[in-house]
Amino acid sequence: MENHDVIIIGAGPAGLSTAMRLRELGVKDVVVLERETKAGGVPRHCGHFGFGWESHKRLMSGPKFAKRMASAANDIDIRTSTTVLEFTMRNSLRVHSSKGISDMSAKRIVLATGTRESSRAAQLIGGNRLPGVMNTGTLQQYVYLKNQKPFSNPMIIGNEWVTFSALLTCRHAGIKPVGIFAEEQKLDAPWFFPLGAKFAYGVPVQTKTKLIAIHGSTRVEAVQFERNGQRNMIACDGVILSGKFKPENALLATAPSNIIITGNALGTVHTAGACVVNARALAETIAKDLQ
Amino acid sequence: MDKRFDIAVIGGGVVGLAILRRFAMSGLKCVLLEKGADILSGASKGNSALLHTGFDAPAKSIELQCMKAGYAEYIEIRQKLNLPLLETGAVVAAWTEHELAALDGIIKKAHANGVADVKKLSQIELRIREPQLSKSVLGGVLVPGEHVIDPWSAPLAYAQQAIAHGAVIMRNTEVKAAEFKKDEWQLAGITARVVINAAGLFGDHVEALVRPSPFTIKPRKGQFVVFDKPAAKLARSIILPVPNERTKGVVLFRTIFGNLAIGPTAEDTDERENGSTDSATLEKLKARAIEMVPALGDVNVTAVYAGLRPATEQKDYVIEALKDQNWITVAGIRSTGLTGSLGIAQHLAKLYAKNFGKLPKKPPEPIFTPVPNLAEHSIRPYMKGGEIVCHCEWVTRGEIETACSGPLPAGDLGGLKRRTRAMMGRCQGFYCGAEIASLFKEAAHGKP
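Residue numbers (numbering that gives the first Met the number 0), protein chains in the order written: chain A, 0 to 290; chain B, 0 to 447.
Just so you know, these hints were derived from the structure itself, not from any lab. Small disclaimer: the values here were computed from a predicted structure and weren't measured. By construction, the Cβ of each residue, glycine as well, lies at the ideal position given by its N, Cα and C atoms. Among the clues, some could well be false.
When the alpha-carbon atoms are kept at most 20 Å apart in a straight line, the in silico SDA-like pairs for lysine to any residue are as follows [unchecked claim]:
| hint | chain 1 | residue 1 | chain 2 | residue 2 |
| --- | --- | --- | --- | --- |
| 1 | A | Lys145 | B | Glu441 |
| 2 | B | Lys383 | A | Lys207 |
| 3 | A | Lys245 | B | Lys107 |
| 4 | B | Lys285 | A | Lys145 |
| 5 | B | Lys118 | B | Asp103 |
| 6 | B | Lys283 | A | Leu186 |
| 7 | A | Lys209 | B | Asp103 |
| 8 | A | Lys37 | A | Met0 |
| 9 | B | Lys349 | B | Ser60 |
| 10 | A | Lys148 | B | Asp411 |
| 11 | B | Lys383 | A | Lys145 |
| 12 | A | Lys243 | B | Asn299 |
| 13 | B | Lys285 | A | Glu1 |
| 14 | A | Lys243 | B | Glu441 |
| 15 | A | Lys209 | A | Gly173 |
| 16 | B | Lys175 | B | Ala163 |
| 17 | A | Lys245 | B | Ala58 |
| 18 | B | Lys383 | A | Gln122 |
| 19 | B | Lys107 | B | Glu75 |
| 20 | B | Lys232 | A | Leu84 |
Label pairs and their computed distance ranges (CB to CB) [stated by the list, open to error]:
| hint | chain 1 | residue 1 | chain 2 | residue 2 | range |
| --- | --- | --- | --- | --- | --- |
| 21 | B | Lys383 | A | Leu58 | 39 to 47 Å |
| 22 | A | Asn152 | B | Gly165 | 25 to 33 Å |
| 23 | B | Lys440 | A | Asn257 | 57 to 65 Å |
| 24 | A | Lys27 | B | Lys383 | 30 to 38 Å |
| 25 | A | Ser256 | B | Lys119 | 40 to 48 Å |
| 26 | A | His171 | B | Lys440 | 26 to 34 Å |
Among the chain A residues that face chain B by a calculated CB cut under 7 Å, a handful are [said to hold, decoys possible]:
| hint | residue |
| --- | --- |
| 27 | Gly125 |
| 28 | Asn127 |
| 29 | Arg218 |
| 30 | Leu250 |
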């Protein structure tokens, strides 16, 4: 069986930073496994500004940040299109690649699989099942990776930073959202975000407004809302469900109890830069532990 | 394309496709007309995907007869078509004294229906078999022959086998008018000697082409909640409730794709297409599942869906041949259609021979067209390599390409999902949605 000092699962900001810091500290045999075709993680498709402050002390776009991370890690053994299927034993993994399935083991295994937004189904949102209902992350892939516009006038749901990332993505693609609605009392984002949305982009932001159902026959035609006990319909041709992050940690089902986790796979929702800082600190602990 | 056929089937659901397969394999020239962009766009899109024994079906009904014949034929042909069978068995669980008292009647009925291996389980026996079931369960009935199958690959296999025997499937083809003259039907630009109405949720509309419909479709909606993969190990059997007159009730069942699901509800609705869910009902279903299996409280919901069953005023199937009008009606096929479809097709072959002339004496040698396996418990394509594009369900690029080509390529994104499982996992397309949509677009581009 292929054996290494450290295997890191996930080549996003956290995984790559762990690997790079380990190398700096003299741990030579480090492998990063990435299921996507390219390293870089979620920032790869966050085409707007705002990445890197904590780690690089300057702001850049997501793809630029991802590229910078990936090229700094170019001497590390990163295996893309490589999916970890499950833990087989305490320190070994069943891994899928184009050649088939094989087993790998390491002295330490680090889970850096990131986080994703909650799906419509997980939130039990009713109505018809239709295309044009998606999370921010998926919209970003349509817009920044595929150069496609999945709708023209969607409703954005959410009250987090990523909600405004959805707005920026729409702007980039020439999509004009009909509004930003949040079920919560308050926004969990800087105070000037909703002002910017309203005055710079003409998109109203409304809290205490709960999405009840999504309606349409073959496409989204309207959404139903509840506000102050009153239900109303608003016309739109898509729905962006932003935030309500869940760690992408299905692998935990088979992982040993002492598994090492870093980045947003921990269940946090930190910026990519913060994940880099935390991951570098974790790498120091792992390096010491290996000595 | 030659536009003259012996038989035109209206409706590309599981029933219509099984009928198409039966007549095509008998050597008749058949066409199927489906109004949706793909097969399985109506009632067959969302069901509980169970292979039923008929233990609780109405005695002496056509439904029971078709289910038993359909069950037997599925078991006989499934390996040749590479169709899966997850042998779970089912348990009818009693949660109240009243339900406990009803168990003997269920066993008696099952035995009368010819399902001889049905037997009672004491509270202890049931807990040993289903240790994750809530301790409040009082006892049950074991039905060893109830199993889990793949609700979409089976009808796809019937469709492909029919095509291999010369049948034609026309999608995006709604039958709005039909004319019967000189012993022939003219409809949707083709000519057919006999028309079979298997239009499911639109059965009464299509029936009106031949006569004032003696039945009305009263769609009955069933909502479902699907739990994530770790849930599958929490139930060994299908957990059935003690049924009532109207419905089989809410069932907890494993899926062939390695999940655990609960449903369906039974709600009368006016919807005939794209049944809608509602949060309150979904919450209730989820709560009921957790009540039955408390450990489900720690498992996330992966998917929700609503299916529409084409119920009529009658309880039994409506199957009838109109000899003078060269027409066969197949309507009111509700929850048991997936199991019953092959049996219905056998029944129709007899009905045809009786009313419209003998079937060809020498049917062609049967050709079997295996479908790709989607079942979690069998060997899946990713195990041999390839590039995984759907990371939750481990669907490969090769599988997507296969589903977008061949004699019956996916007609829409829903059809692609049903053929591959792509985007059906826990992230519901968060990671792969854009990629799969563009792969589908590429494959569909340039198609006539």
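*Going straight from one Cα to the other, do Lys243(A) and Glu441(B) come out at no more than 20 Å?*
With a Cα-Cα distance of about 32 Å, the restraint between Lys243(A) and Glu441(B) is violated, given a limit of 20 Å.
*Between Lys383(B) and Gln122(A), is the straight-line Cα distance small enough, at 20 Å or below?*
Cα-Cα ~35 Å, so violated.
*Are Lys209(A) and Asp103(B) close enough, with their CA atoms no more than 20 Å apart?*
Cα-Cα ~48 Å, so violated.
*Is 25 to 33 Å right for how far apart the beta carbons of Asn152(A) and Gly165(B) are?*
Since Asn152(A) and Gly165(B) have Cβ atoms about 48 Å apart, the given range 25 to 33 Å is violated.
*Given the proposed pairing of Lys283(B) with Leu186(A), does the C-alpha separation stay at or below 20 Å?*
violated, 29 Å
*Is the shortest C-beta separation between Gly125(A) and chain B less than 7 Å?*
holds, 4 Å
*Assessment of proposed distance window 57 to 65 Å (beta carbons of Lys440(B), Asn257(A))*: At roughly 45 Å between Cβ atoms, Asn257(A) and Lys440(B) fall outside 57 to 65 Å, so the hint is violated.
*Can the restraint linking Lys145(A) and Glu441(B) be considered satisfied, given a maximum Cα separation of 20 Å?*
Since the Cα atoms of Lys145(A) and Glu441(B) sit roughly 12 Å apart, the hinted pair holds (cutoff 20 Å).
*With a cut-off of 20 Å on the C-alpha distance, tell me whether Lys245(A) and Ala58(B) pass.*
violated, 50 Å
*asked:* Quick check on Leu250(A) please, does its C-beta sit within 7 Å of some C-beta on chain B?
replied: violated, 11 Å
*Assess, step by step, whether the Cα of Lys383(B) is no farther than 20 Å from the Cα of Lys207(A), and give holds or violated.*
violated, 50 Å
*Holds or violated: Lys243(A) with Asn299(B), Cα cutoff 20 Å?*
OK: Lys243(A) and Asn299(B) at ~13 Å, within 20 Å.
Of the numbered hints stated above, those contradicted by the structure are hints 2, 3, 4, 6, 7, 8, 11, 13, 14, 15, 16, 17, 18, 19, 22, 23, 26, 29 and 30, listed in ascending order.
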